[in-house]
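Student: Sequence:
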Amino acid sequence: MHATPSKAQSNMVKPNMTKLTNKILKALTPLCLLAYCLVDFTSQLHANVMGSLTAKTISDFHQCDKNFEYDVYFLGKKVGYLHRQIKWDNSKPTATKATVASYGEVTFLWLDSTYQQQSAMHYSPQYQHFLTPRFSQKLTGIKSREMVAEISDNGLSSRVILDTKVSQYQQKNEEENNKENHALYDLDTLGAQIRLNLLQGNTRFNLSRQASKKVERYQFEVAEQEVIIHEKWGELTAIKVIEVGEHENIVLWFSSKHDHQLIKAELDMIFSPVVWLSHFSKQCDT
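Taking this note's numbering as reference, the numbering of the sequence shown is continuous, increasing by one, and the terminal residue is 335.
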């Protein structure tokens, strides 16, 4: 005979599972955020033409509306998805401004978490990097919140409204000759700047992101090329990028066959969630 759990034992199960779920969702967060934020550059854009970008150069490769879909897996089971759409402003001959809409959901056990973000970004020919003037974000579930951020002073100053609390942040630029490492980005613009650094051939670069209660700093290094197996596209040779700073568990793979898109992301840890690109499409004006 199998013993029937007592009422006291049953009551202990839910808190323990909630603790495990919180830990897993916390691990999922950095992967979800990075997957939401990736903007594509076409593979025709080689590193030797990226040294000095003009507004015309940026415009030539950002005339199309793009859609991204990512699937989130944990222990081999799909637990969520990430959808993202980017629209470039083609009202002027040189399209350097874009709006981005992102939505995602992660479901694990009895808990659901959703993510929504609306953001604006533009490329600065003067500073040779992207800037984020404003973004809004809404999360539901365990870490529910609403956030609005306005970023000024060429990315070095921000005003954040988190629910009803207002906070100010100021980046200290200690390396005057490398200002792009200090501009505050939202999730979407962070992805655009990661891609820009990779296509320029940079193997090490630092970036900053405006989070809800602090500034997150990232130190990325290009590790190597690695062959990975994708369920939909088969064997792919991808560029492996690792974070070596305070978020050192983050590992990213980019596929040159897919417009240098993020193809896979995971945490270098036991029981790591994994994010895979499942669909990418673009629609261009003729």
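Keep in mind that a hint or two might mislead.
Stated by the list, open to error - Once the Cα atoms are required to be at most 16 Å apart in a straight line, the calculated EDC-like pairs of lysine to aspartate or glutamate come out as:
| # | residue 1 | residue 2 |
| --- | --- | --- |
| 1 | K221 | D202 |
| 2 | K214 | E199 |
| 3 | K281 | E118 |
| 4 | K187 | D161 |
| 5 | K262 | E195 |
It is worth saying that the hints were derived from the structure and are not from the lab.
Student: Look at each hint and say if it fits the structure.
Tutor: Quick rundown of the hints versus the structure:
no.: 1; hint: K221 to D202; in the structure: holds (12 Å)
no.: 2; hint: K214 to E199; in the structure: holds (14 Å)
no.: 3; hint: K281 to E118; in the structure: holds (13 Å)
no.: 4; hint: K187 to D161; in the structure: holds (14 Å)
no.: 5; hint: K262 to E195; in the structure: holds (12 Å)
Comparing the model with each numbered hint stated earlier shows that all of them hold.
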